[in-house]
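Enquirer: Please model the entire structure based on the sequences and the hints provided.
The sequence shown begins at 1 in full-length UniProt numbering and counts up by one.
Among the hints, a few may not be true.
Straight-line alpha carbon distances no greater than 20 Å define the calculated SDA-like cross-link-like pairs of lysine to any residue that follow [claimed, not checked]: (1) Lys301 / Arg79; (2) Lys3 / Ser218; (3) Lys246 / Cys230; (4) Lys246 / Ser199; (5) Lys15 / Gly40; (6) Lys222 / Glu298; (7) Lys246 / Lys302; (8) Lys3 / Met109.
To be clear, the hints were calculated from the coordinates, so they are not data collected in a lab.
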Amino acid sequence: MHKVAIVILNYLNYKDTIECVESIIIDKYQNKEIVIVDNGSPNESRVKLQERFHTNNGIHLLIHDKNDGFARGNNIGIRYATDVLKCEFVLVVNNDTIFKDPEMITSLMAAYKPGIGVLGPRIVGSDGKEQNPLREFETAKSKLRQNLYYRRKIANLKLNSKLNFSFKQSKWYQGLKEINFLKKKKKERQEILRRSLVSSSKTSKSLVLHGACFLLTSDYFKYYPFLFPCTFLYYEEDILTMLTRKVDLLKSFINTTYIYHKEQQSSNISFAKDKSGKTKHHIASIEKAKEIYPLDYETIKKMYFRL
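Expert: Here's what the structure looks like:
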């Protein structure tokens, strides 16, 4: 039985983290370790987590001194899991998820075959809708440029709304209405596609799996020691698919098991006073994806994955 680590990143929202970990403990997979990374929470998170889990030898709490974002925060746990705990597989889960199927890890591990780099289960949101897989990977570089254009447009519109007292009469407001309409239509198309994708388990190089729960396999770690470390938040799923495609690894969606996702609990707390922060991080991440898109594996590894 392969040794699996479950890595959970905590920032501020320790109550969800505790609920998530308690649901993982019930999972029947025996050879597992749980790694919690507190990502520099400026509240009582580390104290609460230490109080709750310090007596459980299978739970490891790592304290980081600053908020390094999603990828770098999780990488602390991933490195600990592979280097210290000697785990061959690492399941990365959001702290606002709950394991509902006690056989979930077993199901994911049973679906693993050589050549698969990443696996993901069904993810059911608080609205009851399926969230996984997100989509098929859009390979055209023009799609990255298009995403950047819309993100920047939205950022400018939001800035203008703060400066313009007659915002609803402005051309910017009309532009925002148009963008929101296009986003709504795109979301509807993605929902139709997702319903077709979720109907059966699938394996391909182009699947974009949701970042709330994904299993990194021993095949992935042959090429990359951790997640791409140069984003703070957002677009990690697409970048992960870029990386696996560079080395011809497959990604698998397993529809026979699922996890419940409350959705964006930590980010909602983090950006409660800075609504523009999400857009800024989204733009920065897409810029980084655009930067690595044309690079080959050896160049990416040399530039971004030095140990």
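Enquirer: Determine for every hint whether it applies to the structure shown.
Expert: Hints and how they fare:
A threshold of 20 Å between alpha carbons decides the hint, and for Lys301 with Arg79 the separation of about 16 Å falls inside it, so the pair holds. Taken as a hint, the Lys3 and Ser218 pair is honoured in the structure, with Cα atoms around 10 Å apart against an allowance of 20 Å. As the CA atoms of Lys246 and Cys230 are separated by approximately 17 Å, the hinted pair is consistent with the 20 Å bound. For the hint linking Lys246 to Ser199, the alpha-carbon distance of about 28 Å lies beyond 20 Å, and the restraint is violated.
Of the supplied pair hints, the one linking Lys15 and Gly40 holds, its CA atoms being roughly 16 Å apart against a limit of 20 Å. Simply put, Lys222 and Glu298 have alpha-carbon atoms about 13 Å apart, close enough for the 20 Å limit, and the pair holds. As the CA atoms of Lys246 and Lys302 are separated by approximately 14 Å, the hinted pair is consistent with the 20 Å bound. At most 20 Å may separate the alpha-carbon atoms for a hinted pair to count; Lys3 and Met109 meet this at roughly 10 Å.
Comparing the model with each numbered hint stated earlier shows that hint 4 is the single one that does not hold.
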